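J.: Please work from the sequences and hints to get the whole structure.
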Amino acid sequence: MQANPKPLPLLEGLAGAYYDWCRQGELRFQRCRQCGTFRHVPREICAGCGSFDWDWVKSSGRGTVYTWTVVARALHPGFIGDEPYAPAVIEMEEGVRVLSQVRDCPPDQLRVGMPVRVEFVAVNEQVTLPYFCRA
Amino acid sequence: MIRDKACIVGIGETAICRKPGSGLSEMALQLKAALAAIDDAGLKAGQIDGIIPFPNLGKAEAFAASLGCADLRFAVMLNMGGASPVAALRVAAMAVVTGAANHVLVPAGWNGFSGVRVRETSASDSESIPGAAIARDYYMPFGLNAPPQWYALMARRHMHEYGTRAEHLGAVALAMRKHAQLNPNALMHGKPLTMEAYLASPMITDPYRLLDCCLETDGAAAYVVTSVERARDLGKTPVYIMGAASGQPYPADEIMNRPEFHRVGLTTAAPEAFAMAGVRPQDADFAQIYDCFSFEVIQQIEEAGFCARGEGGAFVENGGIELGGRLPVNTHGGLLSQGHLLGLGHVVEAVRQLRGEAGARQIKDAEIGVVTGWGDFGDGSIAILRR
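Going line by line, the protein sequences match chains R and E. Quick note on numbering: the first sequence equals residues 2 to 136 in my numbering. Quick note on numbering: the second sequence equals residues 10 to 396 in my numbering.
To be clear, the hints were calculated from the coordinates, so they are not data collected in a lab. Just to be clear, a hint being listed does not mean it is correct.
[As the list claims (entries may be wrong)] Straight-line alpha carbon distances no greater than 25 Å define the calculated SDA-like cross-link-like pairs of lysine to any residue that follow:
1. 59(R) with 260(E)
2. 59(R) with 266(E)
3. 28(E) with 78(R)
4. 68(E) with 225(E)
5. 7(R) with 145(E)
6. 7(R) with 27(R)
7. 7(R) with 141(E)
8. 53(E) with 71(E)
9. 59(R) with 268(E)
10. 7(R) with 142(E)
11. 7(R) with 212(E)
12. 14(E) with 237(E)
13. 7(R) with 139(E)
14. 373(E) with 289(E)
15. 28(E) with 201(E)
16. 7(R) with 126(E)
17. 14(E) with 108(E)
18. 28(E) with 74(R)
19. 59(R) with 267(E)
20. 7(R) with 25(R)
21. 28(E) with 125(E)
22. 7(R) with 262(E)
23. 7(R) with 86(R)
Computed from a predicted structure; not experimentally measured.
T.: Here you go:
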């Protein structure tokens, strides 16, 4: 048991559904059944057309680095000792963007446009997080 | 329309400090600033009948009870984080123009150093932001936990697209620090800064170094707004609210999936406020810009229309935002070098400049000034003021 555990998502509602797919090893995003628009983070209706109907569509898992920050001093106790680490925004092929980390890339080698692909890390029995690695 | 129909008639500001702390509760600290503002206006506390408190720092009813405001008629809270005190200018103006209240008090203050530090609250008390649940479920597990980290993502992308450099961020920090040398109530008074020292300061969350980050301090400030008619009967030079507006990024509760990544609340608020005021950005003699982090000054200079998007780095270089430059910014030292008064200090300083009460840092013949607020995931507010 870690002294200062990392924060974890609350597995309720749509976040629960999103992370349940991750636990099964699949990155899936909502796609509006009416107008076909992908969306993230998960929401109840499509902001484009108002439809309540969606499918959880499997992502290609591929994307590129859009932006990032290199945390040199942790601002949450759960991340003390991890520095430097780099929260990074990944723009997926589906068009949505995901905040994650590129775990196999030293922070000083991150570049905008760098191709990456998803990899899953089980934090515990309930939670699996989608991270990324260089493609 | 509220243009030129409401005035700021009173301002108050407590001492700003770190160790050993204010020695007051956050409510007492704010009441101290409130009483100073009411006195400055030439009013009695009982005449305050509208209060717009800062989110989560005390309820209007509690302020009214302590101040003896027996006829509180107008009490609202604007949930826009650091954008709230400037957003309150428009709401206060609307209230006094419509008759919902006669005298509106807007206080803000906290023990940002001796109390709970914001860098701790942002991790453990994320309920205070509109996107709290989204941050909890999709940001925090990946180590994105606090405001400088959110905004650093925007700064890094801006650097990529427009060539903004560390020295541009440094120019913002240096300008604020230079102005603080002229403000005895600035925490960094007597502590000048060089670019070398700025660049040598430790990295917090790239591209933000320690000296790109606002101070954590104890202190409070307040202002009072009333109608033009009532302002004429009061003692001080009234400062007119020419135009004021607020705005939100889209979506406001989620940073990563914005169709236009650099569009923030100010992007839509600024044109609205300038149109209401009937002036252009270049007509302003100064701007007090919410400087939680250095890049946010560059971004707001662009989004307010002082220059085009992408040109903010060049705008702040070579003393561009220092006193004597093309647009003096944060003549009091701002959050970066005066202290963190939650954005209300920016309003106080704008009023001082327009009254001609800014002492050693007075801008000669200042007639029109701009003040902005920034909060949460990029909420924005702006007011254009004149004497």
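J.: Next step is simple, just say for each hint if it's right about the structure.
T.: Verification of the supplied hints:
no., hint, in the structure
1, 59(R) with 260(E), "holds (24 Å)"
2, 59(R) with 266(E), "holds (18 Å)"
3, 28(E) with 78(R), "holds (24 Å)"
4, 68(E) with 225(E), "holds (23 Å)"
5, 7(R) with 145(E), "holds (11 Å)"
6, 7(R) with 27(R), "holds (22 Å)"
7, 7(R) with 141(E), "holds (16 Å)"
8, 53(E) with 71(E), "holds (17 Å)"
9, 59(R) with 268(E), "holds (22 Å)"
10, 7(R) with 142(E), "holds (16 Å)"
11, 7(R) with 212(E), "holds (22 Å)"
12, 14(E) with 237(E), "holds (5 Å)"
13, 7(R) with 139(E), "holds (22 Å)"
14, 373(E) with 289(E), "holds (20 Å)"
15, 28(E) with 201(E), "holds (20 Å)"
16, 7(R) with 126(E), "holds (20 Å)"
17, 14(E) with 108(E), "holds (12 Å)"
18, 28(E) with 74(R), "holds (23 Å)"
19, 59(R) with 267(E), "holds (22 Å)"
20, 7(R) with 25(R), "holds (21 Å)"
21, 28(E) with 125(E), "holds (14 Å)"
22, 7(R) with 262(E), "holds (22 Å)"
23, 7(R) with 86(R), "holds (14 Å)"
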